[in-house]
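One letter stands for each residue in the lines below.
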Amino acid sequence: AQSVSQHNHHVILSEAASLELGCNYSYGGTVNLFWYVQYPGQHLQLLLKYFSGDPLVKGIKGFEAEFIKSKFSFNLRKPSVQWSDTAEYFCAVNLYGGSQGNLIFGKGTKLSVKP
Amino acid sequence: DGGITQSPKYLFRKEGQNVTLSCEQNLNHDAMYWYRQDPGQGLRLIYYSQIVNDFQKGDIAEGYSVSREKKESFPLTVTSAQKNPTAFYLCASSILPGQRPYEQYFGPGTRLTVT
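If you read the sequences in order, they're chains S and C.
So for the first sequence, my numbering puts the first residue at 21; every next one is plus one.
So for the second sequence, my numbering puts the first residue at -1; every next one is plus one.
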């Protein structure tokens, strides 16, 4: 079965530290890739997405992600985190070029930013 | 205000009872989805629907049922056959898969506790 792996269950950083959250998927065909964020008590919302073109995509709140096809990876990055980035982050993959619409989610990474 | 509403926010039921979770969207989306979120498990797809009166099972459909009588509404029934129903349930909607810009929009969720 296809799967999405997020390597870190819980990441703890101090403010201004750089962030990189890993995401790998196990499908060799065309994929669409997403990062969602769930702030405490809030809806799951989209941070950024990749469909095609430039493999470096920029999202909201200073986040970016790079699609590396050869590594089946879509890692999320932010140069300098803030306390308000404390949340749970989910990587998701849409297989078969999006023809089915289903998203396969990773198990999530909790980010705690210390002020 | 466009969006997805789920009600109630918290729901408590006794074991052996069926319970129906509501999901309504006013985004004019054709596709709707139900996910289950458990701590450390990410989101897992229960059912999805791309058109009125049609729906497909996701990865963990056993013990659940859905209906799609109206485009705006996609209620989920958690039946007494679901062995471990206590969880956080998320509803989502999207334009049809394959169209752009594709992303799933999520509701605030319903936390179901069965004792």
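It is possible that some hints are incorrect.
Unchecked claim - Using 30 Å as the maximum straight-line C-alpha spacing, the simulated DSS-like pairs for lysine-lysine come out as follows:
| id | chain 1 | residue 1 | chain 2 | residue 2 |
| --- | --- | --- | --- | --- |
| 1 | S | Lys81 | C | Lys55 |
| 2 | S | Lys127 | S | Lys81 |
| 3 | C | Lys12 | S | Lys127 |
| 4 | S | Lys81 | S | Lys91 |
| 5 | S | Lys69 | S | Lys89 |
| 6 | S | Lys91 | S | Lys78 |
| 7 | S | Lys81 | C | Lys68 |
| 8 | C | Lys7 | C | Lys81 |
| 9 | C | Lys7 | S | Lys130 |
| 10 | S | Lys127 | C | Lys55 |
| 11 | S | Lys69 | C | Lys12 |
| 12 | S | Lys130 | C | Lys68 |
| 13 | S | Lys69 | S | Lys81 |
| 14 | S | Lys89 | S | Lys134 |
| 15 | S | Lys130 | C | Lys81 |
| 16 | C | Lys55 | S | Lys69 |
| 17 | C | Lys68 | C | Lys55 |
| 18 | S | Lys78 | S | Lys89 |
| 19 | S | Lys127 | C | Lys7 |
| 20 | C | Lys55 | C | Lys81 |
| 21 | C | Lys7 | C | Lys55 |
| 22 | S | Lys69 | C | Lys69 |
| 23 | S | Lys89 | S | Lys127 |
| 24 | S | Lys130 | S | Lys89 |
Unchecked claim - Simulated DEER-style distance windows between Cβ atoms:
| id | chain 1 | residue 1 | chain 2 | residue 2 | range |
| --- | --- | --- | --- | --- | --- |
| 25 | S | Ser132 | C | Ser65 | 35 to 45 Å |
| 26 | S | Gly82 | C | Pro99 | 41 to 51 Å |
| 27 | C | Lys69 | S | Ser34 | 21 to 31 Å |
| 28 | S | Lys78 | C | Gln97 | 33 to 43 Å |
| 29 | C | Glu60 | S | Leu76 | 25 to 35 Å |
The hints are simulated quantities; they were obtained by calculation from the structure and are not laboratory data.
All of these numbers come straight from a predicted model, not from anything done at the bench.
No residue lacks a Cβ here, since even glycine has one placed at the ideal position from N, Cα and C.
Results for each hint:
{"no.": "1", "hint": "S:Lys81 to C:Lys55", "verdict": "35 Å, violated"}
{"no.": "2", "hint": "S:Lys127 to S:Lys81", "verdict": "22 Å, holds"}
{"no.": "3", "hint": "C:Lys12 to S:Lys127", "verdict": "29 Å, holds"}
{"no.": "4", "hint": "S:Lys81 to S:Lys91", "verdict": "26 Å, holds"}
{"no.": "5", "hint": "S:Lys69 to S:Lys89", "verdict": "15 Å, holds"}
{"no.": "6", "hint": "S:Lys91 to S:Lys78", "verdict": "20 Å, holds"}
{"no.": "7", "hint": "S:Lys81 to C:Lys68", "verdict": "36 Å, violated"}
{"no.": "8", "hint": "C:Lys7 to C:Lys81", "verdict": "22 Å, holds"}
{"no.": "9", "hint": "C:Lys7 to S:Lys130", "verdict": "23 Å, holds"}
{"no.": "10", "hint": "S:Lys127 to C:Lys55", "verdict": "21 Å, holds"}
{"no.": "11", "hint": "S:Lys69 to C:Lys12", "verdict": "40 Å, violated"}
{"no.": "12", "hint": "S:Lys130 to C:Lys68", "verdict": "36 Å, violated"}
{"no.": "13", "hint": "S:Lys69 to S:Lys81", "verdict": "14 Å, holds"}
{"no.": "14", "hint": "S:Lys89 to S:Lys134", "verdict": "33 Å, violated"}
{"no.": "15", "hint": "S:Lys130 to C:Lys81", "verdict": "27 Å, holds"}
{"no.": "16", "hint": "C:Lys55 to S:Lys69", "verdict": "25 Å, holds"}
{"no.": "17", "hint": "C:Lys68 to C:Lys55", "verdict": "18 Å, holds"}
{"no.": "18", "hint": "S:Lys78 to S:Lys89", "verdict": "17 Å, holds"}
{"no.": "19", "hint": "S:Lys127 to C:Lys7", "verdict": "23 Å, holds"}
{"no.": "20", "hint": "C:Lys55 to C:Lys81", "verdict": "17 Å, holds"}
{"no.": "21", "hint": "C:Lys7 to C:Lys55", "verdict": "24 Å, holds"}
{"no.": "22", "hint": "S:Lys69 to C:Lys69", "verdict": "26 Å, holds"}
{"no.": "23", "hint": "S:Lys89 to S:Lys127", "verdict": "21 Å, holds"}
{"no.": "24", "hint": "S:Lys130 to S:Lys89", "verdict": "25 Å, holds"}
{"no.": "25", "hint": "S:Ser132 to C:Ser65: 35 to 45 Å", "verdict": "40 Å, holds"}
{"no.": "26", "hint": "S:Gly82 to C:Pro99: 41 to 51 Å", "verdict": "21 Å, violated"}
{"no.": "27", "hint": "C:Lys69 to S:Ser34: 21 to 31 Å", "verdict": "47 Å, violated"}
{"no.": "28", "hint": "S:Lys78 to C:Gln97: 33 to 43 Å", "verdict": "23 Å, violated"}
{"no.": "29", "hint": "C:Glu60 to S:Leu76: 25 to 35 Å", "verdict": "41 Å, violated"}
In terms of the numbered hints stated before, the structure departs from hints 1, 7, 11, 12, 14, 26, 27, 28, 29, listed from lowest to highest.
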